[in-house]
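Chain A is fixed; fit chain B onto it per the hints.
Number of protein chains: 2
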Amino acid sequence: MGHTYQEDYTISFELSDTNGNLKLPPFLSVLLEVSGHHSAQLGRSDVYVLENYGYVWIVTDYEFDIVRLPKFSEKVVIRTEAISYNKLICHRRFEVLDDKEDLLIRVESYFALMDLENRKIVVVPDDLLEPYQSEKVKKIARGAKYPSLEEPERSSYHVRYLDIDMNGHVNNSKYLDWMYDVLGYAFLKQHVPSHIHLKYSREVSPGGDISSEFVRDGLVSHHQICSDGQINAQAIITWRKQ
Amino acid sequence: MGHTYQEDYTISFELSDTNGNLKLPPFLSVLLEVSGHHSAQLGRSDVYVLENYGYVWIVTDYEFDIVRLPKFSEKVVIRTEAISYNKLICHRRFEVLDDKEDLLIRVESYFALMDLENRKIVVVPDDLLEPYQSEKVKKIARGAKYPSLEEPERSSYHVRYLDIDMNGHVNNSKYLDWMYDVLGYAFLKQHVPSHIHLKYSREVSPGGDISSEFVRDGLVSHHQICSDGQINAQAIITWRKQ
Numbered sequence: 015m016g017h018t019y020q021e022d023y024t025i026s027f028e029l030s031d032t033n034g035n036l037k038l039p040p041f042l043s044v045l046l047e048v049s050g051h052h053s054a055q056l057g058r059s060d061v062y063v064l065e066n067y068g069y070v071w072i073v074t075d076y077e078f079d080i081v082r083l084p085k086f087s088e089k090v091v092i093r094t095e096a097i098s099y100n101k102l103i104c105h106r107r108f109e110v111l112d113d114k115e116d117l118l119i120r121v122e123s124y125f126a127l128m129d130l131e132n133r134k135i136v137v138v139p140d141d142l143l144e145p146y147q148s149e150k151v152k153k154i155a156r157g158a159k160y161p162s163l164e165e166p167e168r169s170s171y172h173v174r175y176l177d178i179d180m181n182g183h184v185n186n187s188k189y190l191d192w193m194y195d196v197l198g199y200a201f202l203k204q205h206v207p208s209h210i211h212l213k214y215s216r217e218v219s220p221g222g223d224i225s226s227e228f229v230r231d232g233l234v235s236h237h238q239i240c241s242d243g244q245i246n247a248q249a250i251i252t253w254r255k256q
Numbered sequence: 015m016g017h018t019y020q021e022d023y024t025i026s027f028e029l030s031d032t033n034g035n036l037k038l039p040p041f042l043s044v045l046l047e048v049s050g051h052h053s054a055q056l057g058r059s060d061v062y063v064l065e066n067y068g069y070v071w072i073v074t075d076y077e078f079d080i081v082r083l084p085k086f087s088e089k090v091v092i093r094t095e096a097i098s099y100n101k102l103i104c105h106r107r108f109e110v111l112d113d114k115e116d117l118l119i120r121v122e123s124y125f126a127l128m129d130l131e132n133r134k135i136v137v138v139p140d141d142l143l144e145p146y147q148s149e150k151v152k153k154i155a156r157g158a159k160y161p162s163l164e165e166p167e168r169s170s171y172h173v174r175y176l177d178i179d180m181n182g183h184v185n186n187s188k189y190l191d192w193m194y195d196v197l198g199y200a201f202l203k204q205h206v207p208s209h210i211h212l213k214y215s216r217e218v219s220p221g222g223d224i225s226s227e228f229v230r231d232g233l234v235s236h237h238q239i240c241s242d243g244q245i246n247a248q249a250i251i252t253w254r255k256q
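One line per chain: the protein sequences are A and B, in this order. Note that the numbering used here has the first sequence beginning at 15, numbered continuously upward. Note that the numbering used here has the second sequence beginning at 15, numbered continuously upward.
Chain A with its partners taken away, still in its complex shape (with noise of 0.2 Å):
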């Protein structure tokens, strides 16, 4: 077992979407400040591996299962595990738990470290892993198979000078963000994801526009985000009328 963290977290206002219930894609965010404080409880600082390595971070997948979303100013535990590392790739979970300790929220994250130079994904570290005591394993099972979406609807939105972070690049949550608001007002007021599944592929460029395109079929959604021709992350979402 990898070494755990958690953390109280009532949600906010701020957080809370017009049913009240739990806005999913800023939450990402709120999940890396808690592996953040997890890291820098080992020593191993967002600024500490910047400063001693040169590297930086980077989300490669998501896999959330979703019980339920939390209410507005209902009080959960996020608690993390650093469950396993290969070569590449490390695997850390995160549970959102109730006030009973009931699973609400089950997410399977993937991480690589880039240098920050060179921009490349380098070898995980042994010794910038070792306080996590993270299963060093072989390979990782990740991800989900996306098909290519065919005769997509499509919505073009400006990468804003606020979506852009630290690292140069567009904020991880941003992506299902546009996910979620191509779907539609009526749409999202009406339904809840049970299931998702995401996947980042390449960097969005600051300045530019992206498409978010989906095909929806029924109750599951698959999207992916393009620019410049290419794609830059996917996703396939399952929803429960709610």
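Among the clues, some could well be false.
All copies of an identical chain are treated as equivalent in the list; a pair is satisfied when it fits inside any one copy or across any two copies.
Straight-line C-alpha distance at most 25 Å; calculated SDA-like pairs for lysine to any residue [what the hints assert, rightly or not]:
#, residue 1, residue 2
1, K152, G198
2, K101, V70
3, K85, E217
4, K150, H205
For the record, the hints were derived by calculation from the structure and aren't laboratory data.
Chain B only, in chain A's frame:
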């Protein structure tokens, strides 16, 4: 003096812009969370106010004095004081202080109470305000003169599902986000705000588009957010080169 409250806060990666400076628009949500905690501590949580009065707080005006934007991973203190109130308006001050207690940002904010049922502004009940120990005053000076903009540059933005909060209106921080964004990447990368007047006058409705309009005269930019031929919000921002 009104009741004061403070919290430690560390500037997260998610709240840092591409220069490593605090992103001010989403920080508005942090300030509102802090005032929410303050109110909860005094037995006047948003839930309490909604359940006992049927009211929600809305911000009408902000004024920011920015000595220096805190940087990524900087530890600050957010201090807030419920200064005064009159029949319709409550004045709350926020101060962001560095680790030497030097002032980084001062924010004067002005709130009104809205009846959620009919969406009308109501008279502030004395018993609701009592625990804040705010001075009851006749008149509260606020705001600025916002000139009407002649031949502004404008960009259109779609109101996204996640821009809408639990009150069914666009989250406060979005207006400033739209105002920033029209100034363009090159300008924002090289300038930081030193003073901001921001006024909310009319809710933006979910689902439509807004026009973010501005005239920039050197280091002062005048902004308005418009929809359906009416002004929703206005701002005057003074910038300095960084």
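To see whether the hints hold, each was checked on the structure:
In this homomeric assembly, K152 and G198 never come within 25 Å of each other (Cα to Cα): the closest approach is 42 Å inside a single copy and 46 Å across copies. For the homomeric pair K101 and V70, the shortest alpha-carbon distance inside one copy (16 Å) is at most 25 Å, but the shortest distance between copies (52 Å) is not. Taking the closest pair of Cα atoms, K85 and E217 come within 25 Å of each other only across two copies (24 Å); inside a single copy the shortest separation is 32 Å, beyond that limit. Proximity of K150 to H205 under the C-alpha cut-off of 25 Å is found in neither arrangement, the shortest distances being 39 Å within a copy and 45 Å between copies.
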